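Engineer: Below, each chain spelled out in residue letters.
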Amino acid sequence: MKLRFIVPLVYILFLMLPIYWLVAMSFKTTNEILAGFSLFPQTFTLDAYKTIFTDPTWYWGYINSIIYVSLNTVISVAVALPAAYAFSRYRFLGDKQLFFWLLTNRMAPAAVFALPFFQLYSAVGIFDTHLAVALAHCLFNIPLAVWILEGFMGGVPKELDETAYVDGYSFPRFFVSIFIPTIKAGVGVAAFFCFMFSWVELLLAKTLTAVEAKPIAATMTKTASSAGYELGLLAAAGTLTIIPGAIVIYFVRNYIAKGFAMGRV
Amino acid sequence: MKTENQKAWFFVLPVLILVAFNALIPMMTVVNYSVQETFGNNQFFWEGLTWFEQILRSERFHAALGRQFLFTGLILAIEVPLGIAIALSMPRSGPWVPVCLVLMALPMLIPWNVVGAMWNIFALPDIGLLGYFVNHTLGIDYDMTQNPLAAWVTIITMDVWHWTSLVVLLSYAGLVSIPDAYYQAAKIDGASNWSVFRYIQLPKMKNVLTIAILLRFMDSFNIYTEPFVLTGGGPGNSTTLLSIDLVKIALGQFDLGPAAAMSLIYFAITLFVSWLFYTLMTKDDLN
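Heads up: the protein sequence lines correspond to chains H and L, in order.
Quick note on full-length UniProt numbering: the first sequence kicks off at 1 and runs consecutively.
Quick note on full-length UniProt numbering: the second sequence kicks off at 1 and runs consecutively.
These aren't lab readings, by the way, just hints derived from the structure by calculation.
One thing to keep in mind: the hints can contain errors.
Not everything, but these chain L residues come out facing chain H in the computed CB check (under 8 Å) [what the hints assert, rightly or not]:
#1 Asn5
#2 Asn22
#3 Ile25
#4 Ile86
#5 Met90
#6 Cys100
#7 Leu103
#8 Ala117
#9 Asn120
#10 Asn237
#11 Ile265
#12 Tyr266
#13 Leu271
Since we're looking at a predicted model, the values are computed, not measured.
Each residue gets a CB set at the ideal place from its N, CA and C atoms; glycine is no exception.
Make a model of the complete structure from these sequences and hints.
Structural biologist: In structure tokens form, the structure reads like this:
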């Protein structure tokens, strides 16, 4: 019976191997990487990290990414909350069609939309701002947030709403001070998924920015092509992109499993 | 029960406006391109349905579509059973659960171009850990830049590495929601492990599995960045999936008309298959 613990263990080992390789490479010099195979860094160096933390084009990439990802998470969850409430509590004209239409937006390949998005956001005049990327990522994050939150809200009995009205709560006060705290696990899970999909998306983020709001991922591709192939530097930059995600998932670790089970997602 | 209330539209309005702004306007631009021909200088000529006809008959499109279905089929066939198996063998509670979940979710949080780049280096024959191990320790000739089969194996392995955890997390969430009483009842009845899985665990996981499969289908069908960075669609065209081909036509050759027509066909196929999945998997609920 104890043997079955081997399965997750082997799986996690498999997951960690490429990550180990990336981290190990970030401590090697580019010469060592290209010279041949070495399991551990022979010439341990922190140069790559020094470059990233002292060169503004590098560290601003991270700051830009974090700004638009946070902005997107806040917008997505904030507008998805009332909408999910409407879907879970009320029947209204066209509700089912609307819900399915929202989901279809996750199916449109981002590659299809890259050029029209560029034209649209240039026309509106917010090209190369954090807001542009945050709004564009709403396309696939809002439907997901509505979907997740609706599942969680469905698990909350309607008696809660009715009791609050009997007690004299107005709707906004009930919603903010009673209902949202009740489903905070759901808000956590929805925020986590919004953060995740906005953080990892590159195509739209790259298309909608030039200089001012350039995401870290775009800085990396530019370095890869212009400065030869500085593998050590790229590995260090890649390693640093894992950290924000790791922090976020650490905060929601208990909600992820429990949360999904609670909602009927 | 839900109450009828048309004012609920006001709650949905912000979502509707934001998503419509992002979805409808670009979609209309694509539709607009798909029926016109341009030679630059912002001059457009009406073409009708020529591009659609051309794309639907093109061998290149059929080949890319075939590769796309092969890719999506393979990763679903591997990731879904594997994810369920891992979720089943995880402990239900205890201090190791959060550790496992955090470690498992890690690959999903890495930007997609970094995923592609790290697997590219990981698989290089002489300096990558995987490539070195397969070539020098196992003695199997493996080079994804030369051999189409090796490129496919690498792409599939990368996607399994990247996304199996999504299936694990969702199935696990479904599993922990099963009350202990169910298992005790099964024990009293002397049910085998298989019948516990088939009649208790699988039905309880059905909802979360529907989401997992739908998400995996949509996202793998639209996959672009990871395989593009990993293999660039090569060697030759062997790993040119649908969206890689699309970007080649749209931005590489700047053939906006055909690219737009292809986008719409592509979108229609995704929509149809997703709808099919959704209807098949939720069919029992309606009865």
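Engineer: Look at each hint and say if it fits the structure.
Structural biologist: Each hint tested on the structure:
1. Asn5: holds (4 Å)
2. Asn22: For asparagine 22/L, the interface hint holds, since the closest Cβ of chain H sits about 4 Å away, which is under 8 Å.
3. Ile25: holds (5 Å)
4. Ile86: holds (5 Å)
5. Met90: holds (5 Å)
6. Cys100: This interface hint holds because 6 Å falls under the 8 Å limit.
7. Leu103: It holds, given that the least Cβ distance between leucine 103/L and chain H is near 5 Å, below 8 Å.
8. Ala117: For alanine 117/L, the interface hint holds, since the closest Cβ of chain H sits about 6 Å away, which is under 8 Å.
9. Asn120: violated (10 Å)
10. Asn237: violated (17 Å)
11. Ile265: violated (11 Å)
12. Tyr266: Where the cut-off is 8 Å and the nearest Cβ of chain H is about 6 Å from tyrosine 266/L, the hint holds.
13. Leu271: Since the shortest Cβ distance to chain H is 6 Å, the answer is holds.
This entry does not satisfy hints 9, 10, 11, going by the numbered hints stated previously.
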